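Novice: Listed below, chain by chain, are the residues.
2 protein chains.
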Amino acid sequence: MAFSEFRPLDENSLIEYIKATPSLSSKIVDNYDGLKIKEVGDGNLNFVYIIVGPSGSFVIKQALPYVRLIGESWPMTKERAYFEALALKQHGALCPEHVPEVYHFDRTMSLIGMRYLEPPHIILRNGLIAGIEYPLLAEHMSEYMAKTLFCTSLLYRSTTEHKRAVAEFCGNVELCRLTEQVVFSDPYKVSEYNRWTSPYLDRDAETVREDNLLKIEIAELKSKFCERAQALIHGDLHTSSVMVTPDSTQVIDPEFAFYGPMGFDIGAFIGNLILAFFAQDGHAGQGNDSKSYKEWILKTIEDTWNLFHQKFTALWDEHKNGSGEAYLPAIYNNTELQKLIQEKYMKELFHDTLGFGAAKMIRRIVGVAHVEDFESIKEANIRADCEQRALELGKTLLKRRQEFVSISEVISAMKHVQS
Amino acid sequence: MAFSEFRPLDENSLIEYIKATPSLSSKIVDNYDGLKIKEVGDGNLNFVYIIVGPSGSFVIKQALPYVRLIGESWPMTKERAYFEALALKQHGALCPEHVPEVYHFDRTMSLIGMRYLEPPHIILRNGLIAGIEYPLLAEHMSEYMAKTLFCTSLLYRSTTEHKRAVAEFCGNVELCRLTEQVVFSDPYKVSEYNRWTSPYLDRDAETVREDNLLKIEIAELKSKFCERAQALIHGDLHTSSVMVTPDSTQVIDPEFAFYGPMGFDIGAFIGNLILAFFAQDGHAGQGNDSKSYKEWILKTIEDTWNLFHQKFTALWDEHKNGSGEAYLPAIYNNTELQKLIQEKYMKELFHDTLGFGAAKMIRRIVGVAHVEDFESIKEANIRADCEQRALELGKTLLKRRQEFVSISEVISAMKHVQS
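Protein chains in written order, with the numbering used here: chain A, 1 to 419; chain B, 1 to 419.
Bear in mind the hints are in silico, worked out from the structure with no lab data behind them. Check before you lean on any hint, since a few could be wrong.
Some chain B residues well away from chain A (every beta-carbon gap over 12 Å; in silico) [said to hold, decoys possible]:
| id | residue |
| --- | --- |
| 1 | Ile15 |
| 2 | Glu16 |
| 3 | Ile50 |
| 4 | Tyr66 |
| 5 | Tyr103 |
| 6 | Ser248 |
| 7 | Asn306 |
| 8 | Ala369 |
Here are the in silico distance ranges between beta carbons for each label pair [said to hold, decoys possible]:
| id | chain 1 | residue 1 | chain 2 | residue 2 | range |
| --- | --- | --- | --- | --- | --- |
| 9 | B | Lys89 | A | Ala330 | 35 to 43 Å |
| 10 | A | Ser198 | B | Lys89 | 49 to 57 Å |
| 11 | A | Ser412 | B | Lys89 | 55 to 63 Å |
| 12 | A | Tyr193 | B | Pro96 | 40 to 48 Å |
| 13 | B | Gln402 | A | Lys89 | 40 to 48 Å |
| 14 | B | Lys320 | A | Asp202 | 22 to 30 Å |
| 15 | A | Lys320 | B | Lys36 | 55 to 63 Å |
| 16 | B | Thr207 | A | Glu133 | 49 to 57 Å |
| 17 | B | Ile37 | A | Glu318 | 56 to 64 Å |
| 18 | A | Ala284 | B | Lys189 | 57 to 65 Å |
| 19 | A | Asn334 | B | Lys320 | 46 to 54 Å |
| 20 | B | Pro246 | A | Lys320 | 50 to 58 Å |
| 21 | A | Lys347 | B | Tyr66 | 36 to 44 Å |
For clarity, every value in this text was computed on a predicted model and none was experimentally measured. Every residue, glycine too, gets a C-beta built ideally from N, C-alpha and C.
Make the full structure from the sequences, and use the hints.
Specialist: If you want it as C-alpha cells, here you go:
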C-alpha cells in the first residue's frame with residue numbers, strides 16, 4: 001500500500017499505514033491483536049494518535065494544512081512537520097535524554113512516528129497548575145537548552161555547517177511569521193485576535209498599545225528574532241511543550257524551530273514559569289500549599305538560569321579548541337580574555353532571555369493565545385489580579401532588562417510585584 | 001557550439017562563445033570585423049575581457065575555481081560568479097544608475113556578460129591616489145547604499161521574501177569565510193598571510209595581537225557579520241569596487257554579496273576613504289595640492305554618511321506604510337514614536353559603520369591584503385608613518401565607536417590623529 005500523496009489518516013488507514021512501514025510495525029513487533037489506538041490531538045491543528053500494543057508503543061503525529069486559533073481557520077503549511085522532525089532529530093542527537101526519539105518521518109504525509117511518552121508523563125503546565133514539584137526540572141531543562149543551543153551555534157559549529165543549516169530552516173518561514181504576528185505585533189496594536197480579561201484589563205491592554213518605550217523595545221527583540229541566526233532554537237518552548245514525571249523531562253513539539261536568538265527559548269521557558277508563579281494566587285485554597293509551591297517555582301527559575309549558565313560555559317570551556325569558529329583559540333588565547341568574552345556573551349544572552357521572556361508573558365495576557373495557568377482561574381476578578389501583576393512585571397522586564405544583573409534580581413522583582 | 005561543462009575561455013573560444021550567445025552577439029550587432037578584445041583581469045582570480053566593436057561593447061568576466069593571494073594558490077568556488085550576477089541584477093534593479101547592467105549569465109561557465117564601463121571610467125582608488133576630486137561621489141554612493149540596503153531589508157520586504165533571499169545567499173558561504181578569515185581573524189593572531197611595513201610596524205602589529213579590548217570588539221562585529229541577516233550587502237565595498245568619472249559612479253564586483261549587516265558596506269567605503277586620507281601625506285610633493293585634497297576627502301566622508309542618513313530615512317518615511325514588516329504602521333503609529341525608532345536604528349547603524357570601517361582599515365595595514373593607497377608610497381618610513389596614523393584611528397574607532405555621536409566627530413578625530 002502506497003501513499004503517494006498527502007491524505008489525513010483515520011484509525012483504519014492508520015493501521016494500513018503502520019503495516020506498510022517497517023520502522024513502525026517493528027516497534028509493536030507486528031502484533032496487531034489487542035492494539036489500542038487513541039486520538040489525543042486537537043483535530044484542527046494536528047492529528048496525534050497513541051498506538052499501544054502488547055509488545056510496544058509509539059505516537060503518530062500528522063500535520064494538517066491549517067492551524068486553528070480562536071475559532072478561526074488559518075492556513076498553515078503542513079511542511080512544518082518536516083522542520084519539527086528535523087529539529088527533533090538534531091536536538092535529539094545532541095540531548096537524547098530530554099528529546100523523544102523519532103522512529104519514522106514521511107514528508108509526503110507530514111507524518112512523524114515517535115516515542116510514546118508513557119504515563120505518568122503529563123504536560124508540565126498541567127503539573128504546575130496542579131501544584132506538583134519537579135525537583136529535577138531546572139537541572140533537566142538547563143541541560144537541554146545548554147546542549148541544543150551551544151552545539152548549534154558558531155561556538156561549536158563551523159560557518160559552513162552553520163550557513164547550510166540556517167538556509168534549510170529559512171524554509172520554516174510560515175511558522176516564524178506566526179510568531180512575529182502573535183508575539184511581536186498583535187499585542188501592541190488593535191487586532192481582532194487579541195483578547196484579555198475584560199473589563200478588568202481593558203485599560204491595561206490599551207496601555208500596552210500606547211506605550212512608546214515598550215514598542216521600541218519589542219521592535220528591537222523582533223529584529224533579533226527575524227535577523228539573528230544564533231542557534232537552532234525550539235521556537236515555542238513554553239511549559240506545554242514539556243512533558244514530565246518526577247524523574248523524566250521531555251521536550252516536544254518543535255514545529256517552530258529555526259535559527260534564531262537563543263534567548264527566545266530560554267525566555268519562553270522562564271517567562272512561562274513566571275506566569276505559573278503569578279497564577280498560583282488564583283489557585284490558592286484548592287488544596288495546594290500555595291506559599292511553598294511559589295517558593296519552589298522561584299527556586300526553579302533561579303536554578304534554571306544559573307544551571308544553564310554553568311552548563312553552557314562548561315561546554316564552551318570544553319570545546320574552546322574545537323571546530324567552532326566564533327572565537328578562534330589563536331586569538332582568544334589567554335585566560336583573562338576568555339573570561340571577558342564569556343561574561344560579555346552571557347550578559348547579552350541574559351538580557352535577551354529577560355526581554356523575550358517578558359514578550360512571551362505579555363502576549364499571553366493581552367494577545368490571542370492565553371495560558372491555562374490563568375484560564376483555569378474561574379473568578380474573573382481574581383484572574384485579572386494575577387494577570388495584572390504578571391503584566392506589570394513583564395513590562396518592567398521588557399523595558400528595563402539591561403538593568404538586571406542577575407536572576408536573583410528578577411526573583412526580587414517578582415516578589416516585589418507580588419506583595 | 002555548446003559548453004555543457006566549465007572550461008576557461010581564451011580569446012579564440014571567447015569569439016565562438018559570443019557568436020553562440022544572442023544576448024552578447026546582439027550587443028555588437030554581430031559585427032566581428034574590427035572587434036577588439038583585451039584581457040584586463042588578474043588571470044589568477046578571474047578572467048576579464050573587454051570586447052569593443054564598431055557597433056557596441058561589453059565585458060566578459062569568468063570566475064576560475066581558485067583565488068590567489070600573496071603567491072599562494074587558494075581554492076575558491078567558481079559559484080561566486082552566480083552570487084555576483086545575482087547581486088548585480090538585484091542591486092541593479094534597485095539602483096540602475098550606479099550598477100552596470102548584466103546582459104548575460106552562464107552558471108555552468110561561471111561567466112557574466114555585462115556593460116563595459118568605457119573610458120574615462122577608472123578605479124576610484126586610482127583616482128584617489130592621483131588626487132582627483134569627484135564632486136558627485138558622496139551623492140552617488142549614498143544613493144547606491146541607501147537604495148540597495150533599505151530595499152533588501154525588512155524595512156521594505158516581507159519576512160517571506162527576506163528568508164527566501166537569505167537562504168539563497170547562504171550558498172555564498174565560501175566567500176563569507178574568506179572575509180571572516182582576512183578581516184576578523186588573521187590580523188588579530190599570528191598568521192603566515194599577515195604582513196606589514198617592517199620593521200617600522202612590527203610593534204604595532206604585535207600590539208594588535210595583544211589588545212584584549214580590541215579582540216572583544218572585533219568578536220562582536222564578527223558575530224554580527226556571521227549571524228545578522230539585515231540586508232543584501234555588496235560585501236566588499238572598498239574603493240577598488242567603484243569605477244568613476246566626474247559624472248558617473250558605478251559599483252562593481254559584488255562577488256562577496258550575502259545577507260549581512262548594512263554597516264559592513266558603509267564601513268568598507270568610509271574606511272577606505274579614511275585610508276586614502278592618511279595616505280595623502282605619502283603622496284605629497286607629487287604635484288597634488290595635498291591639503292585641499294585632504295579637505296575634499298574629509299568632506300566626502302562627512303557627506304557620504306550624512307546623505308546616506310538623509311536618503312535612507314527618506315526611503316523609510318516614503319515606505320512606512322508599505323510591505324516592510326519590521327515596523328508595522330498599526331503599531332508605530334505616531335510621529336514621536338517614528339522619530340524615536342529611526343533615531344535608534346540610525347544610531348546603531350552609525351556605530352556598526354564605524355566598527356566595520358575600522359576593522360577594514362586595520363586589516364589593510366597588518367593583514368594579508370594591502371591597499372595601493374599606501375603600497376604606492378615608495379619610502380618605507382613615510383609609508384609606515386601614514387599607516388601608523390590610520391591604524392591608531394582604526395583602533396580608536398573599533399574600541400570606542402559607541403562614544404561617537406556624529407560623523408563630524410570622526411572627522412575631528414581624523415584631524416587630531418593626523419596633526
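Novice: Does the hinted range 49 to 57 Å hold for Thr207 (chain B) and Glu133 (chain A) at CB?
Specialist: This hint holds: roughly 56 Å between Cβ atoms.
Novice: When you take the CB atoms of Pro246 (chain B) and Lys320 (chain A), is the distance between them in 50 to 58 Å?
Specialist: holds, 53 Å
Novice: Just want to verify: Asn306 (chain B) was marked as not at the interface with chain A; is every Cβ pair farther apart than 12 Å?
Specialist: The claim holds: Asn306 (chain B) sits with its nearest Cβ about 24 Å from chain A, beyond 12 Å.
Novice: State, for the Cβ atoms of Ile37 (chain B) and Glu318 (chain A), whether the hinted interval 56 to 64 Å holds or is violated.
Specialist: Holds, at about 58 Å.
Novice: Taking the CB of Gln402 (chain B) and the CB of Lys89 (chain A), does the distance hold inside 40 to 48 Å?
Specialist: holds, 42 Å
Novice: Measuring from beta carbon to beta carbon, are Lys320 (chain B) and Asp202 (chain A) in 22 to 30 Å?
Specialist: holds, 29 Å
Novice: Determine whether the non-interface label on Tyr103 (chain B) survives the test: each CB of chain A must be over 12 Å from its CB.
Specialist: holds, 29 Å
Novice: Holds or violated: 55 to 63 Å for the Cβ distance of Lys320 (chain A) and Lys36 (chain B)?
Specialist: holds, 58 Å
Novice: When you look at the beta carbon of Ala369 (chain B), is every beta carbon of chain A farther off than 12 Å?
Specialist: holds, 19 Å
Novice: Is the Cβ of Tyr66 (chain B) more than 12 Å away from each Cβ in chain A?
Specialist: holds, 17 Å
Novice: Is 57 to 65 Å right for how far apart the beta carbons of Ala284 (chain A) and Lys189 (chain B) are?
Specialist: holds, 60 Å
Novice: Kindly confirm whether 36 to 44 Å is satisfied by the beta carbon distance between Lys347 (chain A) and Tyr66 (chain B).
Specialist: Roughly 42 Å apart at Cβ, these two residues keep to the hinted range, so it holds.
The structure agrees with every numbered hint stated previously.
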